[in-house]
Amino acid sequence: MKYDEIIIGGGLSGLLCAISLAENGRQCLIVSQGQSTLNFSSGALEFIRTKEGETYEQAIAALPSDHPYQVIGSSELPRLREEAAGLLRRAGITTFCENGRNHWRITPLGALKQAWLSLGEMTHFQKEDLPRRVLVVDIKGYLDFNAAFIASSLGEMGIQAGICELSVSETEKLRENASEFRSANIARVLDGYAIDRLAEAINEKAADADWVLLPAVFGLEKEEPACRILRKIDKAASLIPTMAPSVPGIRLQRMLKQRFLSLGGIFVGADSVCGGDIAGDRLQSVRTVNHPDIRFEADHFVFACGSFFSKGLMATQDKVYEPILGLDVRYEGSHGDWFNPDVYADQPYMSFGVRTDRTLRVSREGKTLENAYAVGQMLSGASPIKSGCTGGVSALSAVRAAELILNQ
Amino acid sequence: MQDNNFQDCVKCTLCTAYCPMAAVNPFYIGPKQAGPDGERYRLKDKAFYDYALKYCLNCKRCESACPSGVRIGDIIAKAKLESGQFRPGLRERILANTDLMGSLAVPFSPIVNPVLKLDVSKKLMDGVLKIDHRRTFPAYAGQTFKRWYDKHAKKDQEAFAQQVYYFHGCYANYNYPKLGQDLVKLMNACGYGVRLLEKEKCCGVALISNGMGAQAKRQAKVNLASIRKAGATVLTTSTTCTMTLRDEYPHVLGLDNADVRDNICLALKFLCEKVESGAVRLAFKPDYQKKVAYHTSCHAEKQGSWIYSLRLLGLIPGVQLTVMESSCCGISGTFGFKKENYAYSQGIGEKLFNNIRSANPDYVATECETCKWQIEMSTGFEVINPICLLADALDMEATRAMNGVR
Ligand SMILES: Cc1cc2nc3c(=O)[nH]c(=O)nc-3n(C[C@H](O)[C@H](O)[C@H](O)COP(=O)(O)OP(=O)(O)OC[C@H]3O[C@@H](n4cnc5c(N)ncnc54)[C@H](O)[C@@H]3O)c2cc1C
Ligand code: SF4
Ligand code: SF4
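These protein sequences, in sequence, are chains A and B.
The number in my numbering is simply the position in the first sequence, starting from 1, with 139 added.
The number in my numbering is simply the position in the second sequence, starting from 1, with 25 added.
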């Protein structure tokens with residue numbers, strides 16, 4: 140079966156790349172073997188962490204030369220950021236980002252972290268604008284969000300933070316259910332009138348606050364419930380991510396997939412690519428587990444398979460490898476050297492990944508494949524914890540690959 | 026055969042977030058707890074979480090979502106069979122024994138069909154058997170497909186240079202022989218003779234889901250023996266039969282089918298491949314105009330077979346195709362017929378029904394027969410297997426000529 144482009148992996152990078160191609164009239168196939176890490180994400184994308192007073196350009200210049208941003212070329216990045224944000228907007232996703240600088244967000248543990256682009260409903264602010272009196276709302280019985288923890292973290296920053304625990308009949312009923320009391324289940328029952336009643340209860344408690352913070356358990360399928368709760372609360376209000384699964388993340392995944400389908404894309408969601416046929420310097424076709432006898436052919440192929448968690452990369456005791464074709468991978472040392480005992484420190488294994496040339500093309504046994512690209516978390520050279528660049532690497536490399544394919 | 030891989034679970038609960046049953050049913054613990062979590066406890070006590078397993082639709086949408094590749098649906102289906110607690114009653118035996126009920130009903134279909142439609146019989150079934158009175162029973166045919174085949178088609182098949190076998194399944198045989206007839210006509214026009222297996226039993230999917238593992242295994246063995254004996258491609262028209270024959274036999278019933286698994290093939294896939302490789306050519310009626318909404322059934326989603334249907338339907342010039350967002354219709358074979366499940370069943374399907382209503386098509390196309398009953402009953406739109414749609418749209422005369430068939 141022949142397509143213009145085949146994208147392996149349907150996470151953030153695979154979807155953005157495919158949408159970008161499909162917007163330009165290409166017939167694309169995405170094959171993805173399970174849900175992606177987007178379902179766990181915070182609803183905010185990082186581009187790069189910047190120090191006080193530092194610009195994006197300065198932070199990028201300090202990156203090692205094999206970092207994906209350096210590989211792509213720093214002058215390309217502003218345009219790619221614009222384009223990635225445009226792709227999300229055209230998918231109907233409400234986002235917040237500022238031209239050329241980071242904003243701050245609040246993590247599930249109450250820490251402040253930088254972000255480049257946030258979903259509209261999530262916290263996003265500059266530090267100097269941070270309100271002084273905050274109310275953190277918790278849902279009664281919900282264990283994946285710790286309001287007390289967040290309030291005490293904010294307290295340490297000199298912010299007066301109170302907490303209150305609320306419930307509505309819908310969440311109380313859900314608590315008696317046999318299934319777990321988790322974010323996605325809560326989001327399902329919090330819709331329409333339940334939200335209005337919850338907002339009323341919040342308004343009663345929030346008289347003294349100038350900012351209300353709630354767990355992100357609104358809007359599993361569409362944005363409307365999230366917008367609604369924020370609108371119905373009299374004070375300024377924002378959402379904070381919860382422990383996994385992430386409701387904004389699930390919705391983001393869903394909306395991007397819908398966008399891709401609406402452009403005529405084909406998304407095969409329960410299959411994995413398990414091999415391919417290379418002739419000379421070209422990848423001719425790939426094979427999948429469910430259709431072992433079919434050759435899926437395309438002009439270009441994009442590997443967007445993620446990192447170790449998504450099985451885009453695999454490791455044994457002595458080597459790291461790319462499981463589909465055995466593409467060239469960069470890693471150093473052996474098992475013992477891959478981990479840093481300090482779990483909060485940068486982990487060496489996180490920068491392992493597939494090697495590419497400057498046009499993101501992959502190679503095997505040192506030979507570049509002219510029509511196969513790698514994007515996203517499977518690329519080598521990124522150091523997510525140290526440089527704070529995960530979502531940005533995925534989004535921008537995806538847009539870049541699409542651009543290079545379209546320019547051919 | 027693959028081993029149970031419940032230990033790969035990383036406890037992310039994505040499966041539960043994507044499970045259609047957990048979304049509507051407060052009593053269902055969800056795939057994570059029923060599957061990999063429960064399996065841990067079941068090592069000690071086979072009956073653990075047993076009360077909840079009956080709610081699983083075996084739709085496998087949890088498996089499609091799982092980032093770790095845990096075969097959650099298989100784990101649950103197996104646990105159901107092995108727990109020994111799940112005792113099928115008369116209702117389960119009636120609903121699951123599709124072969125027996127079909128053989129009894131078809132000869133009397135002029136009586137059975139109207140009787141099944143009567144309010145009083147519906148009330149009786151509801152009261153005595155707890156089969157929901159709001160359900161419409163699929164009508165039984167006046168003559169089985171097999172009988173039609175023996176009478177009208179069998180003798181012509183030898184003439185074709187190429188031969189395939191056909192596993193028709195219960196639905197084509199007892200309820201909707203037109204599906205089988207269309208398949209034979211279609212394959213004949215493409216230059217293939219169609220044979221039936223020496224012995225065919227119901228694939229057993231309903232037996233598995235109703236806790237009748239021993240009988241399912243007996244039937245599976247008969248089918249596998251016939252398929253082995255055929256030693257050639259065996260086409261199917263139902264996504265569920267296909268998944269059962271290919272995947273549930275090894276994963277749930279523990280029967281090794283590795284030697285013949287690749288021979289079992291959805292007819293749409295077979296045809297699509299032949300058309301794409303140029304081995305078969307299709308000619309369509311010039312005046313055929315239809316608005317079609319394609320519904321990806323759960324088992325088409327799981328097997329990825331819907332891509333073939335879309336490719337083939339996309340070839341018909343007069344078909345205006347809309348693809349519905351893939352979601353469960355809620356019937357899950359015999360599940361939705363049971364009184365206590367009716368509301369869940371309709372709740373799950375609601376999203377799909379609304380999408381179909383807003384697409385307002387001439388036909389809904391899907392390869393699953395139970396989806397057909399559910400969608401027709403719930404929306405009033407006519408549901409058609411893509412095989413029948415192709416047969417409808419084809420200029421048979423011209424197609425035969427293009428494929429060198431006299
Ligand atoms: C728990 C967690 C939380 C995170 N939170 C954030 C956050 O808040 N902000 C942020 O910026 N970043 C976050 N990240 C980083 C995140 O990985 C990136 O932001 C981005 O979503 C990664 O997208 P990707 O497409 O590159 O990879 P992935 O999301 O890993 O997607 C890869 C996809 O490829 C599929 N795949 C792999 N192999 C095959 C194959 N052989 N055949 C078919 N399909 C295959 C996988 O199933 C998967 O769906 C988080 C990561 C994790 C693990
Ligand atoms: S989706 Fe898979 S890994 Fe996650 S909880 Fe379910 S079975 Fe476990
Ligand atoms: S098979 Fe379907 S109903 Fe059963 S647990 Fe999985 S998703 Fe839920």
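Treat the hints as calculated values from the structure; they're not laboratory data.
Be aware that a few hints might be false.
As the list claims (entries may be wrong) - Pairs of lysine-lysine residues, derived as BS3-like cross-links and limited to a Cα-Cα distance of at most 25 Å, are as follows:
1. B:K79 x B:K210
2. B:K210 x A:K141
3. B:K316 x A:K312
Unchecked claim - With the Cβ distance kept under 8 Å, some of the chain B side facing chain A (calculated, not the full set):
4. D33
5. I54
6. E88
7. Q244
8. V300
9. G303
10. F309
11. L340
12. G343
13. T347
14. M349
15. Y367
16. F406
17. E407
Where a beta carbon is used, it is the ideal one built from N, C-alpha and C, also for glycine.
Verification of the supplied hints:
With a CA separation close to 40 Å, the supplied pair K79 of chain B and K210 of chain B exceeds the 25 Å bound. Taking the CA atoms of K210 of chain B and K141 of chain A, the gap is about 28 Å. The hint is violated against a cut of 25 Å. Using a Cα cut-off of 25 Å, the hinted pair K316 of chain B and K312 of chain A is violated, with the two alpha carbons roughly 43 Å apart. The beta carbon of D33 of chain B is not positioned within 8 Å of any beta carbon in chain A (closest approach about 11 Å), and the interface hint is therefore violated.
The restraint placing I54 of chain B at the interface with chain A holds, with a minimum CB-CB distance near 5 Å, inside the 8 Å limit. Interface restraint check: E88 of chain B against chain A, minimum CB-CB distance 7 Å, threshold 8 Å, status holds. Given the 8 Å rule on beta carbons, the hint for Q244 of chain B is violated: about 25 Å separates it from the nearest Cβ of chain A. Nearest Cβ of chain A to the Cβ of V300 of chain B: about 11 Å, over the 8 Å cut. The hint is violated.
Interface hint at G303 of chain B: violated, since its Cβ lies 12 Å from the closest Cβ of chain A, which is beyond the 8 Å cut-off. For F309 of chain B, the shortest C-beta to C-beta distance to chain A is roughly 20 Å, which exceeds 8 Å, and the interface hint is violated. Here the hint on L340 of chain B is broken, as its CB sits about 13 Å from the closest CB of chain A, past 8 Å. At its closest, the beta carbon of G343 of chain B sits 19 Å from a beta carbon of chain A; the interface hint therefore is violated under the 8 Å criterion.
With a cut of 8 Å, the hint placing T347 of chain B at the interface with chain A is violated, because the nearest CB-to-CB distance is about 11 Å. This hint is violated: M349 of chain B has a C-beta 10 Å from the nearest C-beta of chain A, more than the 8 Å allowed. Hint status for Y367 of chain B relative to chain A: violated, with the closest Cβ pair at about 19 Å, above 8 Å. For F406 of chain B, the interface hint is violated, the least distance from its beta-carbon to any beta-carbon of chain A being 21 Å, above 8 Å.
Annotation: E407 of chain B was flagged as interfacial toward chain A, and the flag is violated, the nearest CB pair being 24 Å apart, outside 8 Å.
Comparing the model with each earlier hint shows violations of hints 1, 2, 3, 4, 7, 8, 9, 10, 11, 12, 13, 14, 15, 16 and 17; every other hint is respected.
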